[in-house]
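With the first letter of the sequence shown counted as 1, position 82 gets the number 82 in the working numbering; the numbers rise by one all the way through.
The set of hints was computed from the structure by calculation and includes no laboratory data.
Possibly wrong hints are sitting among the right ones.
Cβ pair distances, simulated, as ranges [said to hold, decoys possible]:
1) Ile204 / Ala118: 50 to 58 Å
2) Phe173 / Thr29: 23 to 31 Å
3) Leu100 / Leu227: 34 to 42 Å
4) Glu50 / Lys155: 18 to 26 Å
5) Lys83 / Glu211: 38 to 46 Å
6) Ala226 / Leu26: 22 to 30 Å
7) Leu112 / Ile88: 32 to 40 Å
8) Leu201 / Thr138: 18 to 26 Å
9) Thr60 / Gln25: 23 to 31 Å
10) Ala119 / Ile166: 23 to 31 Å
11) Ile212 / Leu172: 28 to 36 Å
No residue lacks a Cβ here, since even glycine has one placed at the ideal position from N, Cα and C.
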Amino acid sequence: MTVAVKSQLDRQDGVASSPFLSRHQLSLTLAALGVVYGDIGTSPLYAVRESLLAVAGLGTPRLQVLGVISLIFWSLLIVVTLKYVVFILRADNNGEGGVLALAQLAHRSPKLSRSAKAAIGIAGILGLALFYGDGLLTPAISVLSAVEGVALDNKTLAPLVPPFTIIILVGLFVLQHRGTARVGGLFGPIMIFWFLLLGALGLISILKTPEILLALNPYYGVSLVALSPAM
């Protein structure tokens, strides 16, 4: 989706000559924000909590907090900024992106041997399987975590968490048949508000506890991983 949106933006007349985005380009950007970055924006709902639960008992509580935040920060920086923005967005198959589209593009290369193409095909299938699993698990976990957050301060709402989660998920998949563009346009403004809210809450928390900025040092993430029993 991201590569397709980028390709459409590049094909617009006057892109190189105008420093401003047209209305159509803004709508595409808004749709991409709602579809592509919605997952990244909702992940903090459960990633931090589940990570802290997973490292309970490793080192001091200070190291646990700084280590988890450090690992999340550097994972997002490397995967989103380096992998996707720097590399993946520059590789597309006639404007189409994704594992299978890129695998098909690699198969067209006359310089690759048959064994190399077979390995790429297998890697593409594995990547598609991972994407399919992520597509099944992530929406359910994201929505469930969001609804659970509403019930944190009111334990009487806890029994309503599963049914409300099911209702929201069914509603989302009912809307899905209207197409990616409409769904992205619907959730784009919501994601803008959500990102602004996350930024404001993060800034307030940093002002209250500026020590959390030490998590930008990858030393704490590496130290936490070194204490893991798997190491």
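*Any hints from earlier that this structure breaks? Give me their numbers in increasing order, please.*
Hint check: 5, 6, 7, 9 and 10 fail, others pass.
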